[in-house]
Each structure stands twice: as structure tokens, then as C-alpha cells.
Amino acid sequence: MKNIFNNPRQLLLFLAVFFAIGFTSSCKKFLETPRQGAYTEDNYPYPGGSGPYDQFIFGAYNDLRAFGVHAIGFLNATSARSDDADKGSTAADGGADYNGFDNFPVIINSGLANGLWTGHFALIQKCNNTLFQIKNNTQITATAEIKIQTEAEARFIRGYAYFNMVRMFGRVPLFDSLVTDPAAQNNRPQSSPAQLYTFIEGDLQFAAANLPLSWDPKFVGRATKGAASGLLAKVYITQSKWGLAMGAANTVINSGQYDLTTNYTRIFEEAGENSKESVFEIQATADASVPTNNGIQYTQVQSVRGSGIWNLGWGFNTPSAQLAAAYEPNDPRRARTILFTSTPTVPGFTIYGELTPNGLPNPRYNQKVYTEASRRASVGSQSGWWMNVRILRYADVKLMMAEAANEVGGVANATAARDALNEVRARARIGAPSGTLPDITSLDQAVLRDAIRQERRVELGMEHDRFFDLVRWGISGPVMQAAGKTNFNPSRDNLLPIPQQQLDLSAGVLTQNPGY
Amino acid sequence: MIDKDYRVLGNVFAEFKFAKDFTFRSTFYGDFAFNTSRSYNPLPFTVRDIGEGGLPDETVFPVNATPSVAQAQGESRRFQQDHVLNFDKKIDSKNFIATTLGFTTISNQGSFINGTRRDTSVIIPNNPDFFYINVANLANPGAFGGGAGANNTAAGAFARVSYNYMGKYLLNATIRKDGSSKFAPESSWGTFGSVGAGWVVSDENFMDKFKSVDFLKIRAAWGTTGNSNGIPDNLFQPGLSNAGTAVFGNNIFTSVQDAYIVDRNIRFETVRGVDVGFDMRLLKNRMNLEVTYYDRKTTGILSATEVPNDTRRAFKNLGEITNAGIEVSAGWNDKLGRNFTYGISSNFSYNKNRVNSIGDGINFALVGNGGANLTQAGQSIGYFYGFRQTGIYQSSADLAKQPAFTNSLPGDISYADVNGDGVITPTDREYLGTPLPVYNFGTNINLGYKNFDFQVELQGVAGNKIFTQRRIASFAVTNYETNRLNAWTAPGTSNIEPILNNTRGNNFLFSSHYLEPGDYLRIRTLQVGYTMRNKLTEKIGIQNARLYLSGQNVVNWSQVTGYSPEAQIGSIIGGGADNGAFPVPAIYTFGFNLTF
Numbered sequence: 001m002k003n004i005f006n007n008p009r010q011l012l013l014f015l016a017v018f019f020a021i022g023f024t025s026s027c028k029k030f031l032e033t034p035r036q037g038a039y040t041e042d043n044y045p046y047p048g049g050s051g052p053y054d055q056f057i058f059g060a061y062n063d064l065r066a067f068g069v070h071a072i073g074f075l076n077a078t079s080a081r082s083d084d085a086d087k088g089s090t091a092a093d094g095g096a097d098y099n100g101f102d103n104f105p106v107i108i109n110s111g112l113a114n115g116l117w118t119g120h121f122a123l124i125q126k127c128n129n130t131l132f133q134i135k136n137n138t139q140i141t142a143t144a145e146i147k148i149q150t151e152a153e154a155r156f157i158r159g160y161a162y163f164n165m166v167r168m169f170g171r172v173p174l175f176d177s178l179v180t181d182p183a184a185q186n187n188r189p190q191s192s193p194a195q196l197y198t199f200i201e202g203d204l205q206f207a208a209a210n211l212p213l214s215w216d217p218k219f220v221g222r223a224t225k226g227a228a229s230g231l232l233a234k235v236y237i238t239q240s241k242w243g244l245a246m247g248a249a250n251t252v253i254n255s256g257q258y259d260l261t262t263n264y265t266r267i268f269e270e271a272g273e274n275s276k277e278s279v280f281e282i283q284a285t286a287d288a289s290v291p292t293n294n295g296i297q298y299t300q301v302q303s304v305r306g307s308g309i310w311n312l313g314w315g316f317n318t319p320s321a322q323l324a325a326a327y328e329p330n331d332p333r334r335a336r337t338i339l340f341t342s343t344p345t346v347p348g349f350t351i352y353g354e355l356t357p358n359g360l361p362n363p364r365y366n367q368k369v370y371t372e373a374s375r376r377a378s379v380g381s382q383s384g385w386w387m388n389v390r391i392l393r394y395a396d397v398k399l400m401m402a403e404a405a406n407e408v409g410g411v412a413n414a415t416a417a418r419d420a421l422n423e424v425r426a427r428a429r430i431g432a433p434s435g436t437l438p439d440i441t442s443l444d445q446a447v448l449r450d451a452i453r454q455e456r457r458v459e460l461g462m463e464h465d466r467f468f469d470l471v472r473w474g475i476s477g478p479v480m481q482a483a484g485k486t487n488f489n490p491s492r493d494n495l496l497p498i499p500q501q502q503l504d505l506s507a508g509v510l511t512q513n514p515g516y
Numbered sequence: 001m002i003d004k005d006y007r008v009l010g011n012v013f014a015e016f017k018f019a020k021d022f023t024f025r026s027t028f029y030g031d032f033a034f035n036t037s038r039s040y041n042p043l044p045f046t047v048r049d050i051g052e053g054g055l056p057d058e059t060v061f062p063v064n065a066t067p068s069v070a071q072a073q074g075e076s077r078r079f080q081q082d083h084v085l086n087f088d089k090k091i092d093s094k095n096f097i098a099t100t101l102g103f104t105t106i107s108n109q110g111s112f113i114n115g116t117r118r119d120t121s122v123i124i125p126n127n128p129d130f131f132y133i134n135v136a137n138l139a140n141p142g143a144f145g146g147g148a149g150a151n152n153t154a155a156g157a158f159a160r161v162s163y164n165y166m167g168k169y170l171l172n173a174t175i176r177k178d179g180s181s182k183f184a185p186e187s188s189w190g191t192f193g194s195v196g197a198g199w200v201v202s203d204e205n206f207m208d209k210f211k212s213v214d215f216l217k218i219r220a221a222w223g224t225t226g227n228s229n230g231i232p233d234n235l236f237q238p239g240l241s242n243a244g245t246a247v248f249g250n251n252i253f254t255s256v257q258d259a260y261i262v263d264r265n266i267r268f269e270t271v272r273g274v275d276v277g278f279d280m281r282l283l284k285n286r287m288n289l290e291v292t293y294y295d296r297k298t299t300g301i302l303s304a305t306e307v308p309n310d311t312r313r314a315f316k317n318l319g320e321i322t323n324a325g326i327e328v329s330a331g332w333n334d335k336l337g338r339n340f341t342y343g344i345s346s347n348f349s350y351n352k353n354r355v356n357s358i359g360d361g362i363n364f365a366l367v368g369n370g371g372a373n374l375t376q377a378g379q380s381i382g383y384f385y386g387f388r389q390t391g392i393y394q395s396s397a398d399l400a401k402q403p404a405f406t407n408s409l410p411g412d413i414s415y416a417d418v419n420g421d422g423v424i425t426p427t428d429r430e431y432l433g434t435p436l437p438v439y440n441f442g443t444n445i446n447l448g449y450k451n452f453d454f455q456v457e458l459q460g461v462a463g464n465k466i467f468t469q470r471r472i473a474s475f476a477v478t479n480y481e482t483n484r485l486n487a488w489t490a491p492g493t494s495n496i497e498p499i500l501n502n503t504r505g506n507n508f509l510f511s512s513h514y515l516e517p518g519d520y521l522r523i524r525t526l527q528v529g530y531t532m533r534n535k536l537t538e539k540i541g542i543q544n545a546r547l548y549l550s551g552q553n554v555v556n557w558s559q560v561t562g563y564s565p566e567a568q569i570g571s572i573i574g575g576g577a578d579n580g581a582f583p584v585p586a587i588y589t590f591g592f593n594l595t596f
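Protein sequences appear in the order of chains A and B. Residue 298 in our numbering sits at position 298 of the first sequence, with consecutive numbering throughout. Residue 46 in our numbering sits at position 46 of the second sequence, with consecutive numbering throughout.
In case anyone wonders, no lab produced these hints; they're calculated from the structure. Check the hints yourself; a few may be wrong.
A few chain A residues facing chain B, derived, Cβ under 10 angstroms [as the list claims (entries may be wrong)]:
1. F58
2. L64
3. G95
4. Q195
5. Y197
6. T198
7. F199
8. L213
9. A451
Distance windows between CB atoms, simulated [as the list claims (entries may be wrong)]:
10. Q559/B with T198/A: 56 to 62 angstroms
11. L485/B with T198/A: 55 to 61 angstroms
12. T482/B with T198/A: 34 to 40 angstroms
13. D176/A with L409/B: 42 to 48 angstroms
14. T198/A with L409/B: 41 to 47 angstroms
15. D176/A with I113/B: 40 to 46 angstroms
16. N126/B with G515/A: 43 to 49 angstroms
17. Q559/B with G359/A: 32 to 38 angstroms
18. R354/B with E32/A: 36 to 42 angstroms
19. A377/B with W215/A: 51 to 57 angstroms
Derived DSS-like pairs (lysine-lysine); straight-line CA-CA distance at most 30 angstroms [what the hints assert, rightly or not]:
20. K485/A with K401/B
21. K352/B with K217/B
22. K450/B with K401/B
23. K297/B with K211/B
24. K276/A with K147/A
25. K4/B with K29/A
Each residue gets a CB set at the ideal place from its N, CA and C atoms; glycine is no exception.
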């Protein structure tokens, strides 16, 4: 051995060759570098227990809070487009994109419309992924009940997403399951509204049949049978399927889960979240450590655009003068819905009695998103990311039942309709001078129809229904003209444009809506 | 902000010659870096309100805010080993052969961690002594923002043989296998290679009569190379994002979702092509000339793409593009008299880029940057696609005479009616230019007179367009660039700048209005020097003393209105937008060198 390495250089050489050979022989391993600090689908430590598919469906719940799904695009599409709200903020803020939602037409390359499109498809993809996991993931063991319940949950959210899409865009591509290769399979033509409604009904019927009536308190706000039935009622009245709508609404009413005991003012407070009034609301929370990530920007985009303590948000989607004038005398809901900026002659107050300053950029703001000062202090944020979004309330279900029953007709149904309407009015007048919001006495179909429509407007003011109501009633054209939105052309503006970005991406597979 | 970086670099090698013609060399490299920083965030938000309801320049601090401190640490490690065996053999006086076998591995690892904490009860002073997270106690809100790592490796082996006959006829061939951990095990290796031939024509007897030609070599090569740069690690695996949460009441639950659209089959991007050209020296080596023509096909371009009806991006190997062009460089060096030397050299290249196919299984349009860029077969990759401005509608009468959108108004940009149907619609968009420079050029001039020397280096590009995307942003309602001072206000006031009204959506469509020529010429270096070398300096032990004054990036000639004329090509299919690119700094140096 002694003369093998006659100098240190040779020793080093030997070692180098040795290591090189060593590396070469293990090269296959050398090139397999595990992902650092992030999971893949194959090594995620799935928690066991009650809901083994929770982590997938929770992705859909996460997306319900996405900016593209329930923030300014949603508010502009559902509210600012109607006669009840204006664009808000300063005149130039938001530019042509935001102005189009108020003054029409919405521009074809609207970033907000594009955000709604991609945001909803992201949400739908999360639902389809959950359905895919239920069907195909062999690593997860779950009971048949859990599988069906999770499927119902995913189909509820998917149905909700498609319901928004069909009302906003008319025709959109239909994804009924997860595609394995989105790059190859995602570019598909639009389905017709009829096809989409059939699909939505299928999803919501399945959800209504298989979701629980309620959840363990730690899951408050998860999709329920009531939420699915109530949404199904809205899908039916949108298509004037009055008998089905009445049935679906009555399922909610007869479930025993909801009532009208919650004071109208309380419903929209932080303390009023998930009350007996709540049929479906998007859950949000915030604390000092995580002021935004678990919340939603829905509140900030439409909150008071002042300075200092009144710098609460961007001030978009402000209640219109027409909405302010729509209430019957002394209706307490007017002050609950609209936050008035003080003027030198008329002071404005919040629901907590704070005096609003003079000279805010807008005369009115949406008071239903006005946050409690103590909560702002504890979170250390002015922006209200913790406010839940009330998507479906019990009063809405009652009024849908009333509307559907009245349209089906007959004395019994008309009476049920009138009674439901009066129940909503009775709650609304609590605390008001006597004689306010008197009971409706007529059973005449046309009188009740007008009364129910009026009631929906004021009861659900600034709650994302007005524009879709006008469209489904077929009166969007004249109502918008009367409200001074004279550019509105129902044959074009009842629907948003298919975003030009999506038309371009589709290379001709998607087609534009009429008039754009 | 206290920021400290430490770095240790090193390499050791061993070289061993044996059996006369063999040389073996092993080299090991290590690169270790460590970074630590501490910082202070005075107030979470400061709003300077410039006249939207509040008083101009009023500074608004949000209520409920206190300062926070942050700490971050990161480390990275890189190891590389190269082992090369050379065999150089002169077989006889005419035949010479050289072979090389090599093997290399590279391994990169790193990690970082950071966090912040905000004291809600006291105002932490702005003093570096307090910039540690524990200055606020644990009960305070904090974010432990990050903790992540990276790990990737690459390996390669190659063999090269070159042969020449009398130094006149040259042949070489290389074959290499490259592996990258960025790809799935079944795709992690790629085989690449090249062959080349050269002929030194000037060594032939028949060239003797061309006295002015000192050297002429004709060469040709064909080869392939692989590229794995520009994509993150482990993309072939179905990555999850668990950033999302479901919230029920005030309870927070983690969700998981796909981070991107996975394609397990991603592989090396391959460039295959030919180069032919010649090198020449003339007139007693005073003039040189090199000309190369190339034609290269890049297949499987690695890029993130937008996919229809999905917010996730797909990382894929896209289709095939061709880059063909010519590169020319020429120089002249000479002396005038005893004291004056001069030299000039210039280079010029022309590149034509053409997409042959966008890729198999891609049935949608490859759009970039929100639709401003389009990649289509037959066109340059990621070209600008939009409306072409013809002017401004000056009046209602003017508007009535021209094709327009249904909602166009006087003061709006008028666009070309490309399809001639009398109205402007999205179908009137067309090719507006390419973000990739077509021409690159440069010139270097050296002058010397006695002890003085002077150098100027010019560099530039031409043929590309830059998208002034920073001007399209519609949310900035009070800040405009000076071009808007010339905005249309009444008939005849401008035929270029539209009315100052950000509710006119047609003026914010992507069009040639937002493109400007990307051509530029820049003085990259300008240097004057004086060298002293005489008895006086030698006496005091200085061999050589040189004084110089140098400027870098001294002057730019361009029509670009941004801070930097250099096109920003982040994504090959969506590049060329200037959103406020950081300027290239001009650097002036005064130097004094002493050689002892």
C-alpha cells in the first residue's frame, strides 16, 4: 500500500475520482430534490375525522371571499348597475371601467367584469375539485353519508356560482366536472341560459336534499338545506317557475330554523351575524394579527371615503337619491340602509349615533356595512374586512314565497302572500311611530305584485338583488330611464359584456353578448 | 433598516498529468451566503391626500396604528464539482487530436425566515437598538410572515473530440447529457450535442496570391442545447397552496388548492440550429471581419401561460419558434506616426423571430399581459396586438365622417378600420410591432496619443416597441405624465393626445397610442486616461501611474419616455411593457492607479 500515493496531489485526485464515481452512481437520486417547505397532492398530511374532504371544499369557501367574487365587481354588477345605487367615490375614481356600471355600457375590456369571470371560474374549479376527490381519491376513507354531504356542499357553491354567472353574463361555459388537462380542455363554448339553469337546478336540488339543516357551532355559516332551498327558490322565481319557487321557499319557512325575530337594525351589525335571519352569509373574520387574510374586502370598497376616523373605505356603490326617496314615511329601514353625510342644515348620524362630518365626497353611503368603532380599534384596522356578507336572508325567502304564491294565484295563495308580506312589514315598523308601514289589506294580484316588488326594494336595499329583480320583472328599461340612467339599453345592458380578454383567450370559441 | 450580508466563496482543484497526453482536473466550488436584516415600520399606513375631498397635502395617519419591527434571515448554499479528463495527442506532424470528457454537478439549497410584531400599547422608538421582534412582548399581534426553502440540482456529462489536419481542416463534435431536478425523473435528462467544421482557407497555397488576406477561416456548426432556466423548482409535481382559509363564525380552517395547473411532462427547452460564417483578417492584420449567419429553432419554450376560464397559470413547454439572423463585426486598428494609435470596431446583428407553432394541445390563444401581447404562428413571438391610432376625433362632424365605436365622442382617439366595415370593433386590432429588438449594434473607438488614451463605447438596439403601460392605469386620477398637458380640449388642439377624461373607455384600449419606439443608442462608456511612466516616477518606486476619468451610461439617445429605454421582457409571451422600469444608473468614476 505504501507507494500507491506518492504525493498528496495524487491522493486528492483519487478522492475526486472516488467522489465523482459516487455521485454518478447515485445520480438518479441526486436529481430528485424534494420540494422544500410546501406540500404536493401526494404528501399532504390529510387530517382525519369528521370531514376528510374539508380541505378541498374549504378552498371553495375561501374563494367566496375572493376579490373577484364578492367585492367591488360584484357590487357594481348587482347594485351600482341598478336604480338604487350610484358608482360613488370621486367622479374620476375607477375610470371608465367603474363608470360603465353606472352610466352604461360596461366597457368590453372591463377589468371588473373579467375579474368576476375568472373569480367565479376559480370558485367553480374548487367545487369540481372537491367532487373529483370524493369520486377518485382512494387515500381518503369516508362514509357514504359524508361523501354525499360533501358532494351536496360542493354542488351548492357551484350552483350559486353559476347562478351569479348566468345572471351576469347570460351564456358561460359549463364545467360539470374537473378537467384533467385544463390547458387542453378549458376552452369550451358557452352553454345557453336554459342549459345553465337546468344544471343549476340539478345542483341545488341535490344540495337541498342532502345538506344538513344546521351544523355544529364551530361550523356556523356552512351551507345548509335552508340555504340550498332558499337559493333554489331564487333560481325558480328568476325563471318565473312560480309553483316550484313557492315550494322551495316553503321548505325553508317550514324548516323551523329561521324566523323574523331579529331586529332589522341588528341583522347588519357585527353582533347580528349568523342570526335566526341568516339563511346564507359569507363568513369573514379579522383580528389584530391577521387583519385581512381571513376577511373580505366587500365592506371596505363601499365604506365612507373620508379622512382621519372617517377614512373607512373607498366609497363606491353609494345609495341613490331614488332609493332614499323610495321608502314609505318613517320607515326605519331608510336610516338603517343609508348613511347620510351631514350638511350644514341637516346632520347625519350612524346607527351608533355618531355624527357624520360635512363635506364627505358622497352624500350617502351604504350603512349596512357600517362597522362598530370598538371592533375597528380591537382589530387595529378601519377597513371592516371582518364583516360577513349577507347573501340570503329569511325576509328575502318570505318575500320570494309571497311573490311566487301571488303569481300562482288563488285566494289561499294570495292570503299566504299577503300575510308573509305583512310579517316582513311588521318587523320593519318596530320602534316607529304608529301608523308607519301599515298592513297591506288587498288580495288583488296586481296590487300585491306591486306591493311585494316595492317591499323587496326597501327591505333588501343595497343587498345585491335590485338589478336582477328589475331584469327578471322585465322592467329594467323603463325603471332605469326614470332613474336618469338614460344610456341604459335593456337589450344590451341586462347582461355584462363577455370580457374581451376572455374572447381573445378563447380564440373565437366564446361569442360576445348582443349589442356590445 | 439594518441589513448585513456575509458571503464565503471558495474553490479547490487538483490537476494531474499522466501517461504523457492525459490531464485530469477536479475542481470543487462552494458558495455560502448568509443575510440578516432588521427593520422598522413607522406606521402601517400613511395617506397623503392630494385634494380628494381633504386638504391638499394633508397627511392622514389611520387611527388604531402603532409601529412594528421586523427581522428576516436567509441563507443559501451552492456546491459545484467539475471533473475533466483531457487527452491531447499530436499523432504526427500533421494530425492532431484532442478529446475531453467531463462531468459536473451543481446543487443549490437555501432557506429564509422572517417575522414582524407590532406593539399595540407603546410606540416603539425608531432606534435600531430596538429592531428585534421581542421588543414587543408575545401578547402583541405579529405575523410570522415567511419560512421557506429551495433545493435544486443539476448534473451534466459531456464528451468532446476535436481533430485538425495541419491546422487547416478542423472538425469537432460534442455530445452532452444534462440533467435537472426541475423536471420529473423520467424527463430530467436531455441529450444535446453539436458538430462543427472549419477550414482555414488562408493556409492553402492558392491563397498566396491574395497578399492582403492574412487569415481566412470558413466555419459551420450544427448543434442542440437545452435550457431549464426561468422556471421554479418542482413544477412537475402537483403543488398545493394552503394559503386559503375557510371561515365559520370566527373559526379559521385551512384549505388546500392547486397552486397551478400541473404538467408532469415539462422538459428541457431545446434550441437546435446551424451557424455558418467566416473570420477574416486583412491588410497586415489591421482589419478584421467576422460574419455569422444562424438559423435556430427553439422547441418546447418554457413559459407560464394564461388558460381560459381559470385563474391558475399553466407552466408548459410551448411550441416552436425560429430565430434567424446575421451577426457582423468588423474592426480596424492602426498607428499614425509614432505617437498616435487608433482602433475602431463595430458589431451589428439582425434577428428575425417567427413562431412556427404555438404547441400541441393548445386550442386557445396565447395572450400575454392582459391581451396586449399575442403569440401566433407566422408572427413574431409575443407581438403587440391592438388598435392603430389614426388621430383624434376633432368634432361631431369629424366623428360622423370616420369609422368609430358606437359610443365614440369628440376628443377620443380614432382608430384604423382595418376590416373596412365602417365601424370600429375588436376585429380591427392588428399587429403593432414587436417588443423584441430586431437590430443590436455597438461601436468601440480607442484613441491613443503619447500618454493619453481615450475610449468611447456605444451600444444600441432598434426595431422594437415599448408599451407605456404605466400611462394606461386608470386608477391614478390625479397623476399624469407631461404628455397629458397636450390633451385635446377643443377642435384642432391635438391629433395625438385624447381628451383628459378617464371615463372615456375607448381611449384606454390597448393601441398604438401606448406604444413608442424602443430604439436607443447609448454611450455605454466614455473614458479619458493619462499614464505616467518616466524616470521621475521610477525613482520613487512607481513603475506606472495612471489617472483616468470614466463615465458609464452617460448619454442615451431615444424616444422612450420612461426612465429606461431597455425593454422589459419578463415573460417571452407578454413582454415589453414599461410600468416604470428602474433606470440604468449613469456612473462617473475618477481613478488613479499606481503600479509598484
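Hints versus structure:
For the restraint placing F58/A at the interface with chain B, the shortest Cβ-Cβ distance is roughly 3 angstroms, inside the 10 angstroms limit, so the hint holds. Annotation: L64/A was flagged as interfacial toward chain B, and the flag holds, the nearest CB pair being 9 angstroms apart, inside 10 angstroms. With a least beta-carbon distance of about 3 angstroms to chain B, the hint placing G95/A at the interface is held under the 10 angstroms criterion. Proximity of Q195/A to chain B is violated relative to the hint, the smallest CB-CB distance being about 16 angstroms (cut-off 10 angstroms).
The interface hint given for Y197/A is violated, since its Cβ lies 19 angstroms from the closest Cβ of chain B, which is over the 10 angstroms cut-off. The interface hint given for T198/A is violated, since its Cβ lies 20 angstroms from the closest Cβ of chain B, which is over the 10 angstroms cut-off. This hint is violated: F199/A has a C-beta 15 angstroms from the nearest C-beta of chain B, more than the 10 angstroms allowed. A least Cβ separation of about 16 angstroms between L213/A and chain B goes past the 10 angstroms threshold, and the interface hint is therefore violated.
With a least beta-carbon distance of about 36 angstroms to chain B, the hint placing A451/A at the interface is violated under the 10 angstroms criterion. The given range of 56 to 62 angstroms is respected by Q559/B and T198/A, whose C-beta atoms sit roughly 57 angstroms from each other. Look at L485/B against T198/A: about 57 angstroms separates their beta carbons, and that is inside 55 to 61 angstroms. Checked against the hint of 34 to 40 angstroms, the pair T482/B and T198/A fails, with Cβ atoms roughly 57 angstroms apart.
A C-beta distance of roughly 44 angstroms is found between D176/A and L409/B, which places it inside the suggested range of 42 to 48 angstroms. Distance hint for T198/A and L409/B: a CB-CB separation of about 43 angstroms, consistent with the stated range 41 to 47 angstroms. As the Cβ distance of D176/A to I113/B is approximately 44 angstroms, the hint placing it in 40 to 46 angstroms holds. At about 58 angstroms, the CB distance of N126/B to G515/A disagrees with the hint of 43 to 49 angstroms.
The given range of 32 to 38 angstroms is broken by Q559/B and G359/A, whose C-beta atoms sit roughly 45 angstroms from each other. Here the CB-CB span from R354/B to E32/A is close to 38 angstroms, well matched to the stated 36 to 42 angstroms. In this structure the supplied range 51 to 57 angstroms holds for A377/B paired with W215/A, their Cβ-Cβ distance being about 53 angstroms. Between K485/A and K401/B, the direct Cα distance comes to roughly 28 angstroms. Compliance with the 30 angstroms bound is thereby established for this hinted pair.
The suggested pairing of K352/B with K217/B holds, with an alpha-carbon distance near 26 angstroms, which does not exceed 30 angstroms. Among the hinted pairs, K450/B with K401/B is inconsistent with the structure: their alpha-carbon atoms are about 70 angstroms apart, more than 30 angstroms. Under the criterion of a C-alpha separation no larger than 30 angstroms, the hint pairing K297/B with K211/B is inconsistent with the structure, at around 40 angstroms. At roughly 28 angstroms between alpha-carbon atoms, K276/A and K147/A fall within 30 angstroms of each other, so this suggested pair holds.
Using a Cα cut-off of 30 angstroms, the hinted pair K4/B and K29/A is violated, with the two alpha carbons roughly 35 angstroms apart.
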